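Sequences listed follow chains A and B, in order. Per our numbering, the first sequence runs over residues 1 to 248. Per our numbering, the second sequence runs over residues 249 to 423.
No lab work stands behind these hints: they were computed from the structure. Be aware that a few hints might be false.
To be verified - Within a straight-line C-alpha distance of at most 16 Å, the following computed EDC-like cross-link-like pairs (lysine to aspartate or glutamate) qualify: (1) Lys7(A) / Glu17(A); (2) Lys260(B) / Asp305(B); (3) Lys260(B) / Glu28(A); (4) Lys147(A) / Asp121(A); (5) Lys254(B) / Asp75(A); (6) Lys192(A) / Asp176(A); (7) Lys153(A) / Asp176(A); (8) Lys254(B) / Asp142(A); (9) Lys192(A) / Asp299(B); (10) Lys260(B) / Asp299(B); (11) Lys254(B) / Glu325(B); (12) Lys192(A) / Glu259(B); (13) Lys192(A) / Asp305(B); (14) Lys153(A) / Asp121(A); (15) Lys260(B) / Asp176(A).
Small disclaimer: the values here were computed from a predicted structure and weren't measured.
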Amino acid sequence: MTCVPAKSLLESYLDDELDAAQRVQVAEHLASCSSCAGVHAQLLELRAGIRTHAPYYRAPAGLRQRIQVSVRQADRQADRHAPAFWRWIAIAAAILLAVSAAWNIALFRSRTSSADLIAQDVLSSHVRSLMGVHLLDVPSSDQHTVKPWFNGKLDFSPDVRDFAAQGFPLIGGRIDYVGGRPAAALVYQRRKHIINVFTWPSAATDGGPELDRNGYHVVHWGTSGMSWWAVSDLNVGELRQFENLYRQ
Amino acid sequence: MEAAPKAALFEKTMLPHLDAAYNLARWLTRNEHDAEDIVQEAYLRAFRFFDGFRGGDGRSWLLAVVRNTALTWLRREKTAPQVSFDEEMHGPGSETATVEAKLVEGARFAALRNCLDLLPAEFREVVVMREMEEMSYRDIAEAASAPIGTVMSRLSRARQRLQDCVAARMKEASK
Chain A
1 MTCVPAKSLL ESYLDDELDA AQRVQVAEHL ASCSSCAGVH AQLLELRAGI RTHAPYYRAP
61 AGLRQRIQVS VRQADRQADR HAPAFWRWIA IAAAILLAVS AAWNIALFRS RTSSADLIAQ
121 DVLSSHVRSL MGVHLLDVPS SDQHTVKPWF NGKLDFSPDV RDFAAQGFPL IGGRIDYVGG
181 RPAAALVYQR RKHIINVFTW PSAATDGGPE LDRNGYHVVH WGTSGMSWWA VSDLNVGELR
241 QFENLYRQ
Chain B
249 MEAAPKAALF EKTMLPHLDA AYNLARWLTR NEHDAEDIVQ EAYLRAFRFF DGFRGGDGRS
309 WLLAVVRNTA LTWLRREKTA PQVSFDEEMH GPGSETATVE AKLVEGARFA ALRNCLDLLP
369 AEFREVVVMR EMEEMSYRDI AEAASAPIGT VMSRLSRARQ RLQDCVAARM KEASK
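Excised from the complex, chain B in its bound form (with noise of 0.2 Å):
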């Protein structure tokens, strides 16, 4: 099937960041098949958006739309559990952390991503796209629709919850 210009143009430009918008829906959702409706619906969105596509590479602009769609998708779903980061500290342990205790490599990376997994979704998204995709604060800025100061100071509260978090876990996991 030979496609028309227009999503010949959108496929080369868009297609490129799929794992990179598979990702971010990923870790938003904290869902693999959510995540998959999720970027297939953003893709028929941005593509009926693409004549606002400024040009450039394209990441932070499909980020932006995969974003909305799962942040649409969160409201709409009430089951999701909104853990908040303050809740799980002053909560019960960890069953996670303290399964694999015995192993503190393991444990403390377990802990790591079960920390990330309970930040709250617009910090998680800065962490995602900072050290995953290693994109810049300003290409941050844009897919999140925020300014850049905004950016620097939820990546830095972000950093900070992390280390907080896994330092508690990795206390519990040791006692």
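Chain A on its own, in the form it takes in the complex (with noise of 0.2 Å):
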């Protein structure tokens, strides 16, 4: 690489976005050229100076708890000020139930498994939880946290994990009733997408096909005794990726 090169892409070797293969062109050239080795040096001097000696200014005390305080505010009064979205989820509510009693006497006359009963029983719960109404006990991505909140509240203690490291951060958990009985719900999240987890003990420890319900899709497995249910509206692919991280 000559000098002309070698200088245009000085500053992005500098901050970390060449590719491989052009990072070692320029630090090849940089050790014979002493002219872009100056210019280099220079630009290296500029940043330690920088990052040295110009002030990073830390968010002063309290700044935080007012934007908490005026966040969760202005939620409340959006709230109030916002019925058409409420008219709206109202709306919904009344459609998931007609489909939902729809369904139910589809299912009753077909007498469809009991995991198909225990779909619709997670599903139904999944977006009760999105409606606003109740998605988290004990907020926390702490599985420490979260796992012994369910202490004294269940007969069984849930195994939590946390999943932050593969893109799936645990958000909290809160106890739901599906299925007839109380289990733990524990909630996910996949970008902008929140998945619920329930997780019960249960004999029938099997898997099974994933269920698509309008646009949800619930995936199911079992390990040692516990029946694991996951909700989401999230694509099937990375559901099974989420099940397979539990299933480890």
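Using the hints, build the complex out of the two chains.
Right, here's the structure in full:
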């Protein structure tokens, strides 16, 4: 590489924005060209100067809390001043109810399997949780906060894990009621999608094919005496990926 | 006080970037009180537009809102001295630099800080985001609502100006 292309790439090199091949070429050129090496050294010096001596202003104490207060206030006001929003929610709920009633009848007629009944329960619970009524009892991304929270509230202790590193951060949990018994509901987030995971002790530990209902996907699996059901509007592929994390 | 789900999700996603938001606002306005007001207003705006947030770590999205709020504020604020770098270069020498001239290193860094303050806002913000927040070109482009090429050229010109400005200050100080 000659000086002209090297100089034009120098700042991208400094900012670590080059691909590996270009990075090597620039580095080789710098080793052999004192003029370019000088320019590079000056850029490094400027960077060191800024990072060491230009102040990084941290937010003053109390600002975080003031923001929380004003955001929550705005949230409550938005609830009050947005009747149109709630009207749509009411319409959506009515449609859901009608669909669910029709579904119940269809289920009754076709004597569908218990897995389908649970799937329906799980789905209704998921939708209810997203209507803004009750998503989290224990909002926390810390598995060591969420797991003990269930102590004394359930007759089992759910296996709570955080997959933030894999892109499925835990955001909390709550108690829910599925298939006629209390279940632990763990809530995860994938981008803007919420995943509700329900678990309870069950002898039926085998998984099954995913179920698709009204644009939602439900997957289920079993591990050592526990039944697991995950539901989300996330695509099936990523929901399966999430399942595999839990199975490991 | 328990936060509703939307507020809880918003706080969880956006509050970790509070320092980044404040630092950017502080460098853009060069004033701590205004920076605080701007950050608070920006968070409220961000909350209002949170449905438009497409996921990710949220920092560049939030900084875009902070930046817009700050720039609106800067335009409104007629009293804010919009000293351009060129005027400064051809104008009389800075007192800050001469006062601290005896300590050469001290002077260099006072000059650096001062020169950074004197950069036009669109140059200053890319330096803050790149050098202090260590953001990628792509993230800076998102936060500054500008193409990556524009970010690169602003950053490059900002660095050139900073180097020239510091060199000029040091020369003055050594007179």
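Results for each hint:
1. Lys7(A) / Glu17(A): Given that 16 Å is the threshold and the Cα spacing comes to 14 Å, the pair holds.
2. Lys260(B) / Asp305(B): holds, 11 Å
3. Lys260(B) / Glu28(A): violated, 45 Å
4. Lys147(A) / Asp121(A): Measuring from Cα to Cα gives roughly 23 Å; hence the hint is violated.
5. Lys254(B) / Asp75(A): holds, 8 Å
6. Lys192(A) / Asp176(A): violated, 22 Å
7. Lys153(A) / Asp176(A): Judged against 16 Å, a Cα distance of about 11 Å means the pair holds.
8. Lys254(B) / Asp142(A): violated, 19 Å
9. Lys192(A) / Asp299(B): holds, 9 Å
10. Lys260(B) / Asp299(B): Holds, at about 15 Å.
11. Lys254(B) / Glu325(B): violated, 33 Å
12. Lys192(A) / Glu259(B): Holds, at about 14 Å.
13. Lys192(A) / Asp305(B): Holds - the C-alpha atoms of Asp305(B) and Lys192(A) are around 11 Å apart, at most 16 Å.
14. Lys153(A) / Asp121(A): Violated: Lys153(A) and Asp121(A) sit about 21 Å apart, past 16 Å.
15. Lys260(B) / Asp176(A): Violated - the C-alpha atoms of Asp176(A) and Lys260(B) are around 23 Å apart, more than 16 Å.
Checked against the numbered hints given earlier, the structure breaks hints 3, 4, 6, 8, 11, 14, 15 and satisfies all the rest.
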